[in-house]
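Asker: Below are the chains, spelled out letter by letter.
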Amino acid sequence: DAMVIQNPRYQVTQFGKPVTLSCSQTLNHNVMYWYQQKSSQAPKLLFHYYDKDFNNEADTPDNFQSRRPNTSFCFLDIRSPGLGDAAMYLCATSRDPGLSVDEQFFGPGTRLTVL
Amino acid sequence: GDSVTQMEGPVTLSEEAFLTINCTYTATGYPSLFWYVQYPGEGLQLLLKATKADDKGSNKGFEATYRKETTSFHLEKGSVQVSDSAVYFCALRRDTGRRALTFGSGTRLQVQP
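Chains A and B supply the protein sequences, listed in that same order.
Under the working numbering, the first residue of the first sequence is numbered 1, with each subsequent residue one higher.
Under the working numbering, the first residue of the second sequence is numbered 116, with each subsequent residue one higher.
These are calculated hints, taken from the structure and not from any lab test.
Some hints could be false.
Unchecked claim - The list that follows gives simulated cross-link-like pairs (lysine-lysine, DSS-like), each with its CA atoms no further than 30 Å apart: (1) B:K183 with B:K164; (2) B:K192 with B:K167; (3) A:K38 with A:K17; (4) A:K52 with A:K17; (5) A:K38 with B:K175; (6) B:K171 with B:K192; (7) B:K167 with A:K44; (8) B:K167 with B:K183; (9) B:K171 with A:K17; (10) A:K44 with B:K183; (11) A:K44 with B:K192; (12) A:K44 with A:K17; (13) A:K52 with B:K175; (14) B:K192 with A:K52; (15) B:K164 with A:K44; (16) B:K175 with B:K164; (17) A:K52 with B:K164; (18) B:K183 with A:K17.
As the list claims (entries may be wrong) - To be clear about the criterion: a stretch of chain A counts as covered by chain B if any three or more of its residues have a C-beta under 8 Å from a C-beta of chain B, and this derived list gives those stretches: (19) 59 to 72; (20) 104 to 114.
Every residue, glycine too, gets a C-beta built ideally from N, C-alpha and C.
Work the whole structure out from these sequences, hints included.
Answerer: Have a look at this one:
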C-alpha cells in the first residue's frame with residue numbers, strides 16, 4: 001500500500017543534542033510537510049517542500065531545519081533541542097497544492113522526548 | 116488571518132448516542148473544509164471533506180455540511196461507537212494563495228460502553 005512512513009516512532013534525545021527525524025513516502029507526491037503537534041494542541045506547520053523548493057513558515061525557529069534529498073525522503077533536523085521542543089512531529093504529503101482539492105496524507109508521527 | 120474554532124472537549128457520550136462537534140471558521144474566499152481524526156498514538160487520518168458551499172462530506176457514518184452563510188462545518192454522527200473515541204480536528208485550506216492546512220485545536224471524544 002502507498003503510504004507515509006516515519007522513523008522512529010519514538011525518539012529520545014538530550015537537551016542540546018542534535019536529532020534527526022525521517023519521513024519517507026511511496027505516494028510519489030510533490031509536496032512534503034512537517035508539522036509540530038504539542039500535547040492537546042493543533043498541528044502547527046513548520047515548513048514544506050514543493051519538489052526541491054523549501055518553504056519555511058515565518059514563525060518557525062531557526063533551530064529547525066529540513067532536507068529533502070529526493071522525492072521519497074524528507075528529514076527534520078533539530079540542531080539544539082530544548083525542553084519546549086518535546087512534541088509529536090507529523091510528516092504529511094500531497095500531490096500538488098495547486099489542485100482544487102489536494103488531500104494531505106499523514107504519517108503516524110514521531111514522538112520526541114527531550115531529557 | 117485564517118482560523119478554525121472548535122468546541123472544547125472532552126465530549127463524553129454513551130454508545131449509540133448522537134454526536135455533534137461544532138466547527139466554525141474565518142477565511143477569505145472559498146476554502147475547502149476537512150475533518151481529520153487522530154486515534155491514540157497515531158497520526159491524522161482524513162475523515163471527510165467538502166470543497167464548496169452546501170457540499171456534504173460523509174464517511175463511516177459521519178457527516179458534515181459546508182455552510183457558507185454561518186461559516187460552519189459541524190461534524191455529526193447518528194450513533195457513536197466505542198471505537199469512535201479519538202481526537203477530531205476541523206481544518207481549512209484556502210482556494211488561493213497559502214495552501215497549507217489551518218487546524219482547529221481538536222475535540223476529544225470519549226464514548227463509553
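Asker: Hint by hint, say whether it matches the structure.
Answerer: Hints, one by one, checked against the model:
1. Note on K183 of chain B and K164 of chain B: the hinted pairing holds, with a Cα-Cα distance of about 14 Å set against a maximum of 30 Å.
2. Of the pairs offered as hints, the one joining K192 of chain B and K167 of chain B holds, with about 21 Å between alpha carbons and a cut-off of 30 Å not exceeded.
3. Proposed proximity of K38 of chain A and K17 of chain A is supported: the alpha carbons are some 20 Å apart, at most 30 Å.
4. Annotation: proposed proximity of K52 of chain A to K17 of chain A holds, straight-line Cα distance about 27 Å (limit 30 Å).
5. Proximity of K38 of chain A to K175 of chain B is assessed by CA-CA distance (about 28 Å); at most 30 Å being required, the pair is judged to hold.
6. With a C-alpha separation of about 13 Å, the suggested pairing of K171 of chain B with K192 of chain B holds against the 30 Å cut-off.
7. Pair hint K167 of chain B plus K44 of chain A holds up; C-alpha atoms about 25 Å apart against a cutoff of 30 Å.
8. With a C-alpha separation of about 8 Å, the suggested pairing of K167 of chain B with K183 of chain B holds against the 30 Å cut-off.
9. Proximity of K171 of chain B to K17 of chain A is assessed by CA-CA distance (about 48 Å); at most 30 Å being required, the pair is judged violated.
10. Taken as a hint, the K44 of chain A and K183 of chain B pair is honoured in the structure, with Cα atoms around 25 Å apart against an allowance of 30 Å.
11. Our distance criterion of 30 Å between C-alpha atoms is met by K44 of chain A and K192 of chain B, whose separation comes to about 27 Å.
12. Restraint check: the Cα-Cα separation between K44 of chain A and K17 of chain A comes to about 23 Å, which is no more than 30 Å; the hinted pair holds.
13. Taken as a hint, the K52 of chain A and K175 of chain B pair is broken in the structure, with Cα atoms around 37 Å apart against an allowance of 30 Å.
14. Annotation: proposed proximity of K192 of chain B to K52 of chain A is violated, straight-line Cα distance about 41 Å (limit 30 Å).
15. At roughly 20 Å between alpha-carbon atoms, K164 of chain B and K44 of chain A fall within 30 Å of each other, so this suggested pair holds.
16. Our distance criterion of 30 Å between C-alpha atoms is met by K175 of chain B and K164 of chain B, whose separation comes to about 13 Å.
17. Restraint check: the Cα-Cα separation between K52 of chain A and K164 of chain B comes to about 28 Å, which is no more than 30 Å; the hinted pair holds.
18. Distance restraint check for K183 of chain B and K17 of chain A: the Cα-Cα separation of roughly 48 Å exceeds the 30 Å cut-off, and the hinted pair is therefore not satisfied.
19. Under a criterion of three residues with beta carbons nearer than 8 Å to beta carbons of chain B, the stated coverage of the segment 59 to 72 of chain A fails, only 0 such residues being counted.
20. For the segment 104 to 114 of chain A, the proposed coverage by chain B is satisfied: 6 residues have a C-beta within less than 8 Å of a C-beta in that chain, meeting the threshold of three.
In the structure shown, a violation is registered for the earlier hints numbered 9, 13, 14, 18, 19, in ascending order.
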